Every structure is written in C-alpha cells, then in structure tokens.
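Chemist: Next come the chains, spelled out residue by residue.
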Amino acid sequence: MSDATLTLTPSESVITPHAEVNGHDPKMLISMRNIWKTYQMGTESVHALHGVSFDIPRGEYIAIIGPSGSGKSTLMNLIGCLDTATQGEYWLNGKNVSEMDDDELARIRNQEVGFVFQTFNLLARATALHNVELPLIYGGVGASQRHDMAKKALQSVDLTERMTHKPNELSGGQRQRVAIARALVNHPSILLADEPTGALDSHTSMEIMDLFERLHSEGNTIIVVTHEHDIAERAHRVISIRDGQIEKDERIR
Amino acid sequence: MFFVLLRGQQSLSLFRLAAIWEAFRVATASLRANKLRTALTLVGIIVGVTAVIAVVTIIKGLDQTVAQTFSSQGSTVFTISKNPQIIKSREEFIKSNRRKDVTHEDAEAIARTCTACWRVGIAANAVETVKYNDQKAENVRIRGVDPITMFDIDGVSINVGRIWTESEGASGREICVIGPDMLKNLFNDAPADRAVGQEIRIDGRPYLVLGVLEPLGSIFGFSRDNVVYIPYSTYQKAYGGRRSLVVFIQVHKTDQLESAEDQVRTVMRNRRGHLIGNTDDEGFALETQDVFLNLYGSATSNIYLVTIGVAAISLVVGGIVVMNIMLVSVTERTKEIGIRKAIGARRKDILTQFLIEAVTVTAIGGAIGVGTGFGLAYIISALIGFPLLVSVASAVLGVGVSSAVGIISGLWPAWRAAKLDPIEALRAE
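So the protein sequences, as listed, match chains A and B. Using our numbering, the first residue of the first sequence is number 1, and each one after it goes up by one. Using our numbering, the first residue of the second sequence is number 254, and each one after it goes up by one.
Keep in mind the hints are simulated off the structure, nothing from the lab. Just so it is clear, the structure is predicted and the values come from calculations on it, not from any experiment. Cβ atoms here follow ideal geometry from the backbone N, Cα and C, with glycine treated the same way.
A short, non-exhaustive set of chain B residues, derived as facing chain A with CB atoms under 8 Å: (1) Ala-271; (2) Glu-275; (3) Glu-589; (4) Ile-592; (5) Ala-595; (6) Gly-597; (7) Ala-598; (8) Leu-679.
With these hints in hand, go ahead and build the complete structure from the sequences.
Modeler: The following block contains the structure:
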C-alpha cells in the first residue's frame with residue numbers, strides 16, 4: 001500500500017533524517033510513517049496531508065506550526081486519535097493506532113492522549129471537579145480514587161479552591177487550567193494542545209505557557225499546535241507544516 | 254498476557270458501573286436544565302400511560318364487579334330451572350317453554366338423594382312496588398326463599414334485626430327481611446334499627462320487617478340491595494304456586510361440584526322420566542355461575558381489546574414525542590458529545606447516556622401517568638358506581654411499558670449521537 005504511494009508521488013514524501021522507513025522505532029513515543037490523509041470532495045480527491053513522517057521521543061516539548069489550511073489541524077486530529085490516516089502508519093506508545101476501530105481509538109484517547117482545546121471545551125453544567133473526573137469515569141476508575149486523582153490534578157494547576165465552581169463562574173485562564181487538569185488526570189502519554197491560548201489575553205496566555213513549561217519539566221510530553229510564532233517558540237522543537245507536508249523540523253532549544 | 258486479561262476484565266465491570274452512573278447523572282441534570290422540554294416529553298408519556306392505566310383499571314373493576322356479583326353465591330353454587338337464565342336462541346326459548354315447571358318437590362327430591370350436595374334451597378322472584386306510609390319504592394325484587402339457608406347460598410347476611418325462624422318461614426306469615434335500599438327509599442335513610450318492627454306494604458299486603466341486610470352495592474348502576482326477602486310459603490300465598498321456581502344447590506368445595514351435578518342430573522332425569530328417549534331435551538336447565546362469566550367474557554373481550562388498543566395509540570404518540578425531543582436534545586448537545594468522545598467515551602457510552610435519559614423521563618412520566626390514570630379511573634368508577642381496583646401489577650406494567658417506550662423511541666436518537674464523528678461534533682456550537 002505504501003509502496004504504491006511512494007511510486008506515485010516519490011518526490012513529495014518528506015522523511016525526517018532519523019526515521020526508519022519500515023516499522024517504528026521502539027524508543028519513540030510517537031512514530032508517524034508516510035501519513036496520507038485524503039478527503040473526497042465530490043469527484044475530486046483533496047490531500048490534506050501527503051506523506052508526513054516524524055518521530056517524537058518521550059518527554060519532548062514540540063510545537064506544530066502552520067497557517068490555516070496547511071493541514072496542521074488534520075495532523076493534530078491524527079495525533080490525537082480523533083481520526084485515522086488514509087495511508088501510512090502511526091505508532092503511539094508502542095501501539096499501531098492506524099489500524100484501530102472507533103472504540104479502540106476511544107480507549108487510546110482516554111488512556112494516552114490529554115486534549116487541551118482553544119475554547120476549553122468544558123461541560124457547562126458540570127463542576128470543575130466533575131469535568132476533571134470525566135476521563136476517569138470513562139476509564140473505569142472507582143469513585144474514591146477518581147476524586148483523589150481529580151483533586152490532585154486540580155492542585156497541580158493551582159485550582160484547589162475553585163473545584164466546586166462551574167465553568168461560567170471561572171475566568172478564561174481558570175477554565176483553561178481546568179481543561180489542562182482534565183487532560184493530565186489520566187497520566188496520558190501526550191498532552192495535545194490545540195491553540196491553547198487562542199481565546200486568552202496575552203497575560204493569561206503567558207501564565208498558561210508557563211504552566212506548560214512546568215509540566216514539561218515534570219516529565220510530560222507536550223505537543224502544541226498553533227499558528228502563533230511566539231507560542232511555538234516556547235517549545236524545544238518546531239515542526240512547520242505547509243500544504244500538507246513538513247516544511248521544516250528544527251530543534252530550537 | 255494473563256495479567257493483561259485480568260486487568261481488562263476488572264476495569265470493564267468498574268467501567269460499566271461508573272459510566273452508567275455518569276449517564277444517569279447527566280440525564281437528570283439535562284432534564285432539570287431543560288424544564289420546558291422535559292415537561293413536554295412528560296406530558297406526552299403521561300397522557301398515554303394515563304389512558305392505558307385508566308382503561309385497564311376500569312375494565313378490571315368492571316370484571317371484578319361482575320365476577321363478584323356472580324360469585325357472591327360462589328363458584329360452589331349451581332341451579333336447576335325450567336328456563337335457562339341465559340337464553341341464546343329462539344329455539345331454546347321455545348324448547349324450554351314446553352318443559353314442566355320446576356317445583357318444590359323437585360327440590361325436596363334433590364335434597365333427599367344428592368349426597369354431594371351441601372345446601373339445597375328454592376327461590377322465586379317477583380317485581381313489585383313497596384310502600385311504607387306515604388313513601389314508595391318501585392321495581393323492587395321480591396324474593397321468596399326456602400329454607401333460610403338460601404340467605405347463605407345467595408351470599409347475603411343480616412345487618413340489623415334477624416331472619417325468620419324455620420317455623421315462621423313455614424307458617425306463611427307476612428314477614429320480611431329488607432335490602433338496605435329500602436331504608437333509603439322508604440325510611441328516609443333512617444338507621445336500620447328504626448325499620449325493624451315496622452310494617453311495609455307489598456302489592457297492598459302488610460309485611461312485618463324482621464331485619465335489614467348488609468349492603469352488596471351495585472353493578473352497572475343496578476342496585477343489588479333493592480330487594481325484599483320473604484319466606485317461600487308466603488310468596489306462594491301471595492303469587493300462587495303455579496310459577497316455576499329455581500332450585501339452588503351448593504356444594505362444600507368446588508371439586509365436589511362435578512359429582513353433585515351428576516347426582517342432581519340423575520335425579521332430575523328420573524323425575525322427568527316421560528321425556529327419556531327424547532334426546533332433544535332433558536327437560537330442565539342446569540347452570541353454574543360460569544355460564545354468566547363466560548357469556549360476559551365473550552361479550553366484552555373484543556370491546557376491551559379495542560379500547561386498550563385505542564389507549565395504546567396515545568402511548569405510541571407519546572413515544573413519537575419522546576423520539577422527537579430526544580433528536581432535538583442530541584442535536585443541541587452535539588458539542589458535548591464531541592467533548593465526551595474526545596476524552597474517551599465510546600459509542601456505547603454515548604448510546605447508554607441518551608437511552609438512560611429517554612428511559613428516565615419516560616419512567617417518571619409513566620409513574621405520574623399511573624397516578625393520574627388511577628385518579629381518572631377513581632373518578633369514573635365513582636360516577637358509574639363500582640369499586641376501584643388499584644393493582645400493583647398495572648402500576649408496574651405502566652412504568653414498565655413507558656420505560657420500554659423510552660428505550661424504543663430513544664434508540665434511534667441515541668444511535669445517531671453515538672456514531673457522531675468526534676471532529677465534526679467538536680466543531681459544532
């Protein structure tokens with residue numbers, strides 16, 4: 001399957017220098033191998049991603065940057081297991097995600113991925129604590145352990161005193177910190193943030209980015225998807241996407 | 254490998270419980286948050302369940318009343334008469350009219366020879382106007398009975414006063430025991446002991462009131478208490494001995510009924526000996542109370558089915574309301590579904606969540622509907638005049654059926670929610 005792709009479009013596949021073309025590197029947390037994402041628009045095929053490959057080792061702090069329409073949202077959806085690639089292999093924490101069905105993907109999202117969204121995406125009617133508990137509920141964690149873990153997660157983002165508040169009683173920064181606590185509560189392999197400061201003022205943005213930095217120093221693997229360069233520059237490695245391909249993949253720190 | 258398997262199973266059972274509880278919590282929160290929508294859904298289900306429960310309850314009440322009426326004499330009683338009490342055809346009517354009258358002698362012969370019979374009595378009825386001073390009661394059933402065990406066979410008992418003694422009963426004296434309706438119609442609702450010792454007039458003849466019966470109530474608006482019991486000897490004197498009477502036979506236990514019927518049939522065939530060889534007719538009618546119940550059952554069962562069917566249609570309409578509102582609910586909460594899916598909810602979690610929401614609201618609606626249904630049945634039964642039968646079974650049935658309606662009508666909306674694409678769902682506002 002991937003052979004056919006390679007012969008069709010050999011010049012378009014971009015392979016990072018340290019990648020192995022066949023199979024994945026077991027040392028890597030994330031291995032993407034020649035990933036294609038094709039959408040069918042009527043009779044026309046639109047390639048959102050063509051032949052993207054990269055590796056991310058455990059504990060890295062990465063920014064994926066690109067203008068809108070570059071394919072970075074598609075890539076984020078694939079990394080976060082919200083979607084599967086049309087072609088190619090994706091290994092996450094030793095598991096071949098590319099061949100999983102809907103429910104298996106849900107399990108991976110629950111166990112391996114912590115999402116942080118631009119618009120926070122908290123449940124409006126639930127308290128901060130309950131929002132943070134939600135991944136544990138779907139993960140089958142018992143009630144008392146769930147409370148403890150959720151409280152600890154809220155503690156780690158300095159929201160201990162706001163646990164019983166609902167999202168509309170919290171500021172934007174506080175809401176995003178609840179979302180981060182929710183993302184972290186299951187101890188996922190990756191923290192995947194999509195424009196995490198897009199809805200925040202610059203001061204609060206800095207606070208959130210400081211928090212990411214701290215979480216990274218505590219050993220978390222963080223992937224931030226953004227179109228803002230000053231946000232991307234806080235990361236240690238930046239992958240630039242343009243026209244569905246990796247344009248640049250550089251270590252900046 | 255073993256460890257992985259074990260861990261997988263363990264987390265599965267825990268997972269289901271936690272997810273179902275979460276689904277229930279979310280369902281109730283969402284129902285509280287959308288009060289108007291919840292109210293509309295509830296109304297849809299309440300109307301349906303109310304209709305079904307009211308209809309079923311009224312029907313059960315009617316059935317019970319009928320069954321009780323016929324079995325106040327009990328399923329241990331059967332009768333011998335000239336004309337069957339239910340005549341099904343013109344031929345039967347003509348045939349039975351040609352028969353010999355059933356007489357006091359027939360009853361005595363039965364009492365003498367039937368070893369399986371417990372009580373044997375005779376009764377004959379007339380309808381008369383009864384008067385007390387200037388008070389008048391019309392269309393009163395005058396029941397001449399003998400011996401006084403006929404009161405037991407009829408299933409009536411004395412409330413105030415007494416029944417006549419055997420010797421009084423044989424004397425042909427004008428004495429009587431009145432049904433409670435007489436108090437109302439003749440004595441201005443006076444207490445029963447005021448009527449005892451008074452003299453009433455039946456067909457112009459004076460009768461001394463010895464006692465008042467316990468009320469039996471009414472059926473289909475016809476009072477069973479509009480009656481005056483008099484001794485058969487007195488009845489014969491007043492109305493002549495030529496009228497055919499009915500012999501009532503009671504056995505101790507239902508299982509003796511068959512042998513008693515056989516014995517009585519033999520006795521009666523012997524006494525109607527001149528008809529032997531005439532295979533067309535045995536010359537008398539032997540009937541149990543089942544005759545009435547069977548006739549009643551066959552006459553009403555189709556009506557009941559249609560009535561329940563009509564009521565059930567409103568439940569179907571209620572189900573469609575639920576489905577509609579669940580679809581709205583799913584559309585409104587697309588974003589929430591996306592969030593839940595993003596953080597690891599599986600299809601069946603979302604499916605369960607919306608199913609539980611549908612079942613919760615329909616079960617609550619069902620419970621309220623059971624209440625209003627019983628209420629409606631109460632009002633109607635009070636108006637018609639028969640006892641209300643509140644059965645736990647129909648309450649359970651009402652809630653059960655409405656829950657089933659919830660599952661059925663919630664399934665499609667819930668399935669639509671479950672298979673939403675998380676990316677699309679997250680994009681929704």
